[in-house]
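Asker: Sequence:
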Amino acid sequence: MRGRGAGLVARLARLLIAALDGLWRAFGLALLGLVALNLLAAAILGINRLRKGPAAQQDMVARYFQAEGKLRLMWEPYVYWRTHPMIGDCVNVDADGLRKTWGAGKRTVKPGAKVFVFGGSTVFGHGTCDDFTIPSELAKALNAAGMRNVEVVNFGQLGYVSTQEVLSLLWSLRLGNVPDVAVFCDGFNDVVSAYQNGVAGITENEENRVAEFNALNVTMDPLGAAGRTVVAAMRSLSVIHLSRRVLRRIGIPVPERGSRGIRMSWDVSYAGERDPRLARQVVASYAANARLVEGVSRSLGFTALFYWQPTVYEDKDMAVQLPRGAGTTAQFQNFLRESYAAAAALSRKPDDAGFTLTDLGAALNGQPEGCFLDDVHLDQRCNEVVARIIAPDVIRALRHGSEPAKPSGRASRAH
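Count along the sequence shown starting at 1, add 4, and that's the number in this note's numbering.
Note that these hints are calculated values from the structure, not bench results. There could be a bad hint or two in this list.
[Said to hold, decoys possible] In silico DSS-like cross-links for lysine-lysine, where the CA-CA straight-line distance does not exceed 27 Å:
(1) K144 / K114
(2) K110 / K144
(3) K110 / K74
(4) K114 / K74
Could you build all of it, start to finish, from the sequences and the hints given here?
Answerer: Following this line, the structure appears as structure tokens:
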């Protein structure tokens, strides 16, 4: 009996190994196909972007998207992720997961002041090389104003919402790294997250974190844990999932799927009934974060500045330049505009808000075609425009110490 049992186990093991081998072969072929499709999408996007803007800008966009394929994320306590360190001729990320800023490494003396700039991928500099991100353009503007001993640190991270930025600041403060000025330029990702999740104030793709929780806890439920791990892996690398996203990237419209699913692209909406107050709740959640930072800044003696970032949809002429299927639905655009209207209203009432929010929503209206690389990411020229709007507020804050600067509340249109 023992011999028969052992033989049966051996045969079952061989069948299982053969099945797994076939599964992984098929999975590997599908993955290779997806890599090829993704490379094709990147090439098509690059060609489309290279048709716009001056030659130097075209070259920079091409260099960035070459480097983008090498970007990786690493785990970071409390905030989930930061960018993995990398070295290149366009994109450089240090050991702390922070992107290099213009002038960094050239300073021979200890900086006289520190400016931290927080945000998502727009602040990180999606589409531009290190020296032309918003933080780098801000560093140049400060240098041109005679503030040559100011260190500007780019805390921008891909996909970050305002709560992750606040936690990043608090982590830095806990380590004794206190800035003289903390700049927050965000808003878009908070809107995206609420649209994805059906609730304001949490991170993008939060459902993925829920699915991953306890996935490797084999001590409690070994079989269930293994099953959840396989399901999570297949979900994150599924052919359909990635193919739909890639097709949208190259401008081919793909219908929404009916089931609820959270992905990095912002065209995915919460499948449940959305609270009609959600847009206002997005801004209320952001305001709560800003007031928290204001309280900490007064306690530690630094100045906090807040800016609601621009999007292409604030300029109707520019919005129509986006290719069909550029990544958002009409439903999302309406939700975005509703959220941005609530933020604009908040910016007009700083006393009621408890902090000053400068609305940059329409600051780039009238800029030439190509200013926006997509819905929200900017080219070098418009990064400079945004930085030059922020720079006077930072200069006033540095000159007056911890006394809060008084931005206008709504930025004037840039020309």
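Asker: Next, verify each hint and record whether it holds.
Answerer: Hint check:
1. K144 / K114: Satisfied, since the Cα-Cα distance of roughly 18 Å is no more than 27 Å.
2. K110 / K144: 13 Å, holds
3. K110 / K74: 26 Å, holds
4. K114 / K74: Between K114 and K74 the Cα gap is close to 32 Å, so the pair fails against 27 Å, i.e. violated.
The structure shown violates just one earlier hint, number 4.
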